[in-house]
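Here are the chains, one letter per residue:
Protein chains: 2
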Amino acid sequence: MILEVAEIHIHAGQQQAFDEAIALGLRTVIARSEGYRGHRVLKGIESPERYLLLIHWDTVEAHTVGFRQSPAFEEWRALLHHFYDPFPVVEHYARVLEAERQEAP
Amino acid sequence: MILEVAEIHIHAGQQQAFDEAIALGLRTVIARSEGYRGHRVLKGIESPERYLLLIHWDTVEAHTVGFRQSPAFEEWRALLHHFYDPFPVVEHYARVLEAERQEAP
Numbered sequence: 037m038i039l040e041v042a043e044i045h046i047h048a049g050q051q052q053a054f055d056e057a058i059a060l061g062l063r064t065v066i067a068r069s070e071g072y073r074g075h076r077v078l079k080g081i082e083s084p085e086r087y088l089l090l091i092h093w094d095t096v097e098a099h100t101v102g103f104r105q106s107p108a109f110e111e112w113r114a115l116l117h118h119f120y121d122p123f124p125v126v127e128h129y130a131r132v133l134e135a136e137r138q139e140a141p
Numbered sequence: 037m038i039l040e041v042a043e044i045h046i047h048a049g050q051q052q053a054f055d056e057a058i059a060l061g062l063r064t065v066i067a068r069s070e071g072y073r074g075h076r077v078l079k080g081i082e083s084p085e086r087y088l089l090l091i092h093w094d095t096v097e098a099h100t101v102g103f104r105q106s107p108a109f110e111e112w113r114a115l116l117h118h119f120y121d122p123f124p125v126v127e128h129y130a131r132v133l134e135a136e137r138q139e140a141p
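Read top to bottom, the protein sequences are chains P and F.
Using my numbering, the letters of the first sequence map in sequence onto residues 37 to 141.
Using my numbering, the letters of the second sequence map in sequence onto residues 37 to 141.
Honestly, the hints are just simulated from the structure, not real lab data.
Do not take every clue at face value.
The list cannot tell twin chains apart, which means a pair is met if one copy fits it or any two copies do.
[Stated by the list, open to error] List of simulated lysine to aspartate or glutamate pairs, DMTMM-like, C-alpha gap at most 25 Å:
{"no.": "1", "residue 1": "79", "residue 2": "43"}
{"no.": "2", "residue 1": "79", "residue 2": "56"}
{"no.": "3", "residue 1": "79", "residue 2": "55"}
Model, not experiment: these values are computed from the prediction.
One chain only, chain P, in its complex shape (with noise of 0.2 Å):
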């Protein structure tokens, strides 16, 4: 399993629309691709225009290929690329190590 993920910023002001939409988009656009294995959206809290949009997927072409060579791909873009600003930089991740504190709720 691979993570997506994608540097986001987008036009001051209009986080709300976003927010909207990038969980419109996410639910009816990503989760049903095939190699889709979940996803995280985080905000800035220095930075509110910013987010981290991470997808977990199978494989690096699941999302390079299956997704983006897919007509999904046009509806994603459709919902969200009028928010950028810049167009987000996307780079593809292996975990190497993860923990969690042993007493942490």
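With chain P fixed as given, assemble chain F onto it according to the hints.
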């Protein structure tokens, strides 16, 4: 709970030494800090000198004050700072959305 995200880029060819140093630092320094909740280290697939370090803290201040103003921060610096090129960009994020595919293993 908030997430510290550090975008790390290290000198070429030092991945193995960095992997060992960051594992040691997380285990012996970060995991003992007040307000620490868990961490994840991700390694770039397209860019093998690129890493993301994600650390869950109870609050932003647990990281920026409790950790960075403690002697532990000097131990962390001594273990890791010579790997960085350039110095990492660190931001804090709040979780907005999270989901996993129901049938995921």
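Here's how the hints hold up against the structure:
Taking CA atoms no more than 25 Å apart as the test, residue 79 paired with residue 43 passes in both settings, with 10 Å inside one copy and 16 Å between copies. In this assembly of identical chains, residue 79 and residue 56 lie within 25 Å of each other by CA distance solely inside one copy; the values are 13 Å within and 30 Å between copies. Only within a single protomer do residue 79 and residue 55 lie at most 25 Å apart by alpha-carbon distance; the minimum there is 10 Å, versus 28 Å between protomers.
Violation of the numbered hints given earlier is absent; every hint is satisfied by the structure.
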